[in-house]
Every structure is written in structure tokens, then in C-alpha cells.
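Fit chain B to the known structure of chain A by using the hints.
Number of protein chains: 2
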Amino acid sequence: MGKITIVGIGPGNISEMTPKARLAIETAEIIAGYNTYIKLIPELVSGKKIIGTAMMQEIERCQMAIEESRSGKNVALISSGDAGIYGMAGLVIDMILDLPENERPQFEVVAGISAVNAAAAILGAPLMHDFAVISLSDLMTPWELIKKRVECAAVGDFVIALYNPKSKKRVKNILEVQEILLRYKNKNTPVGIVTNAGRLNEQKIISTLENFTTEEINMFTLVLIGNSQTYVKAGFMITPRGY
Amino acid sequence: MGKITIVGIGPGNISEMTPKARLAIETAEIIAGYNTYIKLIPELVSGKKIIGTAMMQEIERCQMAIEESRSGKNVALISSGDAGIYGMAGLVIDMILDLPENERPQFEVVAGISAVNAAAAILGAPLMHDFAVISLSDLMTPWELIKKRVECAAVGDFVIALYNPKSKKRVKNILEVQEILLRYKNKNTPVGIVTNAGRLNEQKIISTLENFTTEEINMFTLVLIGNSQTYVKAGFMITPRGY
Numbered sequence: 001m002g003k004i005t006i007v008g009i010g011p012g013n014i015s016e017m018t019p020k021a022r023l024a025i026e027t028a029e030i031i032a033g034y035n036t037y038i039k040l041i042p043e044l045v046s047g048k049k050i051i052g053t054a055m056m057q058e059i060e061r062c063q064m065a066i067e068e069s070r071s072g073k074n075v076a077l078i079s080s081g082d083a084g085i086y087g088m089a090g091l092v093i094d095m096i097l098d099l100p101e102n103e104r105p106q107f108e109v110v111a112g113i114s115a116v117n118a119a120a121a122i123l124g125a126p127l128m129h130d131f132a133v134i135s136l137s138d139l140m141t142p143w144e145l146i147k148k149r150v151e152c153a154a155v156g157d158f159v160i161a162l163y164n165p166k167s168k169k170r171v172k173n174i175l176e177v178q179e180i181l182l183r184y185k186n187k188n189t190p191v192g193i194v195t196n197a198g199r200l201n202e203q204k205i206i207s208t209l210e211n212f213t214t215e216e217i218n219m220f221t222l223v224l225i226g227n228s229q230t231y232v233k234a235g236f237m238i239t240p241r242g243y
Numbered sequence: 001m002g003k004i005t006i007v008g009i010g011p012g013n014i015s016e017m018t019p020k021a022r023l024a025i026e027t028a029e030i031i032a033g034y035n036t037y038i039k040l041i042p043e044l045v046s047g048k049k050i051i052g053t054a055m056m057q058e059i060e061r062c063q064m065a066i067e068e069s070r071s072g073k074n075v076a077l078i079s080s081g082d083a084g085i086y087g088m089a090g091l092v093i094d095m096i097l098d099l100p101e102n103e104r105p106q107f108e109v110v111a112g113i114s115a116v117n118a119a120a121a122i123l124g125a126p127l128m129h130d131f132a133v134i135s136l137s138d139l140m141t142p143w144e145l146i147k148k149r150v151e152c153a154a155v156g157d158f159v160i161a162l163y164n165p166k167s168k169k170r171v172k173n174i175l176e177v178q179e180i181l182l183r184y185k186n187k188n189t190p191v192g193i194v195t196n197a198g199r200l201n202e203q204k205i206i207s208t209l210e211n212f213t214t215e216e217i218n219m220f221t222l223v224l225i226g227n228s229q230t231y232v233k234a235g236f237m238i239t240p241r242g243y
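Protein chains in written order, with this note's numbering: chain A, 1 to 243; chain B, 1 to 243.
Worth flagging that the hints you see were computed from the coordinates, not collected in a lab. Treat the hints with care, since some could be wrong.
[Said to hold, decoys possible] Beta-carbon label-pair distances, calculated as ranges:
1. A:Glu179 / B:Glu43: 49 to 57 Å
2. B:Glu144 / A:Ser207: 52 to 60 Å
3. B:Glu179 / A:Lys148: 17 to 25 Å
4. B:Glu108 / A:Ser228: 23 to 31 Å
5. B:Lys168 / A:Gln57: 33 to 41 Å
6. B:Lys168 / A:Met219: 41 to 49 Å
[Said to hold, decoys possible] Straight-line distance between alpha carbons at most 16 Å, and here's what the computed EDC-like set of lysine to aspartate or glutamate pairs gives:
7. A:Lys204 / B:Glu216
8. B:Lys172 / B:Glu215
9. B:Lys204 / A:Glu108
10. A:Lys233 / B:Glu151
11. B:Lys168 / B:Glu215
12. B:Lys148 / A:Glu151
13. A:Lys147 / A:Glu176
14. A:Lys73 / A:Glu103
15. B:Lys147 / A:Asp157
16. B:Lys169 / B:Glu151
17. A:Lys148 / B:Glu60
18. B:Lys148 / A:Asp157
19. A:Lys147 / B:Asp157
20. A:Lys148 / B:Glu151
21. B:Lys3 / B:Glu101
22. B:Lys233 / A:Asp98
23. A:Lys168 / A:Glu216
24. A:Lys233 / B:Glu101
25. B:Lys169 / B:Glu215
26. A:Lys233 / B:Asp98
27. B:Lys233 / A:Asp94
28. A:Lys48 / A:Glu26
29. B:Lys204 / B:Glu216
30. B:Lys233 / A:Glu101
For each residue, glycine too, the CB sits at the ideal point set by N, CA and C.
Isolated chain A, as found in the complex (with noise of 0.2 Å):
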């Protein structure tokens, strides 16, 4: 029986995966993850077999890499980010874990640096105190409760990190999420916007909860926006520790 590492390969530059992701990699036979992460890696899987399908295919490609495994090779389950954080993790070890137990690969999940913490770096230090993670992609989760958690974070009084924040053909949830948030946070709220956090073409630009515009969010975006003690100096986002 073989091994599946679930990876997470951080932002998607050498320098910030862990060496722990890069073992699991260079030792894997089999790697198996979205084409498009496979692609930042091009030096650590060359040579190897690769189980490289498009997004929505996550079953069909976590089934093939269960067998992999059962056949007795090492398989890395790479995600961009951590793997444990809206990544791959989740569905592959419920499908080892529904296997007879003397059937189950070894499995192992192995964090990466995730888009949230990546961003946080580049705009300062937004998350020095309490936050909320929010994807806004409601292809799996109903809106009207993605709406009421962006609710209850402001509530709250979180930072808030929106993953997923706008896509081609999902636009207008992110203007949503702005009209909500303005009932209830400071109209001047600092708002932080990184695309490609970690990777080339990285663009970050500090805003206000009322002023900022869409045009240069996209699926590789993470936003930020503040609680209302996080403030904005010399360009960069900062949150204090204390109250």
C-alpha cells in the first residue's frame, strides 16, 4: 500500500513552500492535483505521472489517486495554498475513510502558507487580531448563507478575508458583500486587495469600504477589509493588537 500526502505547495513560489510539501513532492511517483497549480511547479514534477484534470473534476481525480496508492505508489495531492483550507483535503480522506480499514492508503495532510496569510504579508499586518475567512463562490454553499455570515462577521466586528471574491461569470457578489458591509462598518474602513499574492504579476491596492471598485478582482484576488480599529499608514494596512 502507498501514500497519500494531501499538499498544500503555498502561494505557488519555491521559496515559501516548506520543505515538508517539497519532500512529499520529489518523493511522490504520482502527482496529482488542477492543472493549473501543477503548472507553478513545473521543476518538482518533471518526470513524474501526472493526474492533472480541470477544476470540477475533484472526484474523479481523488478516486484515481486513491488507486494509485492502493497499487502501492506515493501519491502528492497538491493544492495551491494550504490544502486544508478550501482545498482538497476534506474529500479524499472522507473517500480513504469510507475504504474497509485494511484496504485504507496512508494518508497525511501537510499545511502550506494559504492565500490569507500571503496577502496579509504584502499589505502589512491587517491580522493581528481577530478575523473571519469567507469564500464567496456559491457554487456549493447557498448565498443567502454566505450573505448572513458576511453579516455576522461585521456584527462581530472581524477582519474579514474574502477567498473566491469574484469570478468571470460571478460578478456581483463581491458589490453585495460591499452594500452589506457599509450598514454596519465605518464607510472609510480600510480595504486590502492582493491578486497573485506570492506570485508573478502580484498586485496590491489599499482602498475604503466605500470606494473600492471590482475591475481588478478576479479568482486569484484576496480581499481584506478591516475591523474598526485597523488603519492605513504609508501605504500599508495595519491592525493593533489591543483595543
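Chain B alone, transformed into the frame defined by chain A:
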């Protein structure tokens, strides 16, 4: 003018420190940080000048780090986990930006694997959906605000990650949080308790909101409370991606 790099060293083992963090430490002449963290990486700091102070002397430590960098030295200011999450980044950046522009040392934040990432990887896949991160330390935050945030996170059905759940002097906060959460969440909601994640003596407990006890919780513990969909399977905690 030297440079200050604010470095998150991750959980404390070298295999989960990014190459970027390691390089920043290796190329620094001076290492500043809480003694407990510096002791985690003896092989990287030996021979360097150490500005290691006990907890609660953060301002002096940052001042010394800034002075050294202004005199031309490269300084690594280290935090365990991610320096950008409840770490030292906010204070030192604020102090640097208080200086006149031509007297500021260069600075950079290097992200790390935070306790929430490390603990999640050990528990299985509890963070596949929206989550709130809350510190239970009421040293610099009013306890009423912390309790309000716990309530908001419960109403929003977030997975909840609790930092600083308990210290020697602060033992009741976590019990009050348990009480609050029991008003909103099913008593069988899975609770994961990870102590010394990624370090020696790592310990993992999976219990329920009703039954978890606090004996095994200390200042090196991260507590993760599931959302309404989180389940336990064969000793692993999984939050499904879809609703």
C-alpha cells in the same frame, strides 16, 4: 540602513519553515524575538547576536531591532507560526512608519504556517469551509468583545478556531465560551484540541462541544470547533465543502 524582516517560523520544526523564512534568519546578523521561539531553532541562530526578551517586553524589543537595523545591521524579528497572525508585525511596522521617511529601515513580512493551519492538518480537514479565528486572551481586548465575537461566529455557523484558549492565570474563558456555544450549536458538534502542533509532544484530542474538558488545554493549544456540518470519521474531523 539595514533591513528588518518580520519572520513567521511556523510551528517550530525546520521542515515546516519556508525557505524564505529560513533565508531571512540565515542572512540576518541579529535575531530578535521571544526567548521561547528562539529556542525552537537553535541551529539557525547560533553565533548571531540575540535580542531575546521575555513576553510583555514587545515595545523594547522592537525598538532595539529598529535601532540595530538603522545602524546598518540586518535583523530577523521572529514569531512562531505566522508573524502576521497575532504576531509582532503590527507593532514593529507601526513603529518603523512613525520614523521620518529617510530614517526608516527597509522591512518585509515573511508569512509562516500558523497554528490554525498546523492544527487543522493534524485533525484531518476541519477548515474546508468558512471559519473564524478568535483569541481568548483578554489582556488587551475586553472580554465582552471576545464573547460577542464567539456569539457572532456561532450564529454565522462558522468553524471556530480559538487561539490562546487558556493560560495558567486565565482558566475560565474557555469554559465560558463552551457555555455560550452550547446555546447556539448542537452539543455533539465535534471539537478538536491540538497541543504542540508540529512540535515535540504533539497531542490531538477529538471530543464534542458538550463533553470536552480543559485539563489538556494550555497556552500551546489550538481548539477547533466544527460548524453544523462537521463530522468525525475514524478519528478525523472533516467539514464538508458543500452544504
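Hint by hint, here is what the structure shows:
no. : hint                            : result
1   : A:Glu179 / B:Glu43: 49 to 57 Å  : holds (52 Å)
2   : B:Glu144 / A:Ser207: 52 to 60 Å : violated (31 Å)
3   : B:Glu179 / A:Lys148: 17 to 25 Å : holds (23 Å)
4   : B:Glu108 / A:Ser228: 23 to 31 Å : holds (28 Å)
5   : B:Lys168 / A:Gln57: 33 to 41 Å  : violated (51 Å)
6   : B:Lys168 / A:Met219: 41 to 49 Å : holds (46 Å)
7   : A:Lys204 / B:Glu216             : violated (42 Å)
8   : B:Lys172 / B:Glu215             : holds (12 Å)
9   : B:Lys204 / A:Glu108             : holds (14 Å)
10  : A:Lys233 / B:Glu151             : violated (32 Å)
11  : B:Lys168 / B:Glu215             : holds (11 Å)
12  : B:Lys148 / A:Glu151             : holds (14 Å)
13  : A:Lys147 / A:Glu176             : holds (8 Å)
14  : A:Lys73 / A:Glu103              : holds (14 Å)
15  : B:Lys147 / A:Asp157             : holds (12 Å)
16  : B:Lys169 / B:Glu151             : violated (24 Å)
17  : A:Lys148 / B:Glu60              : violated (42 Å)
18  : B:Lys148 / A:Asp157             : holds (9 Å)
19  : A:Lys147 / B:Asp157             : holds (12 Å)
20  : A:Lys148 / B:Glu151             : holds (14 Å)
21  : B:Lys3 / B:Glu101               : holds (14 Å)
22  : B:Lys233 / A:Asp98              : holds (9 Å)
23  : A:Lys168 / A:Glu216             : holds (12 Å)
24  : A:Lys233 / B:Glu101             : holds (12 Å)
25  : B:Lys169 / B:Glu215             : holds (14 Å)
26  : A:Lys233 / B:Asp98              : holds (9 Å)
27  : B:Lys233 / A:Asp94              : holds (8 Å)
28  : A:Lys48 / A:Glu26               : holds (9 Å)
29  : B:Lys204 / B:Glu216             : holds (10 Å)
30  : B:Lys233 / A:Glu101             : holds (12 Å)
Consistency with the previously given hints fails for numbers 2, 5, 7, 10, 16, 17, ordered from lowest to highest.
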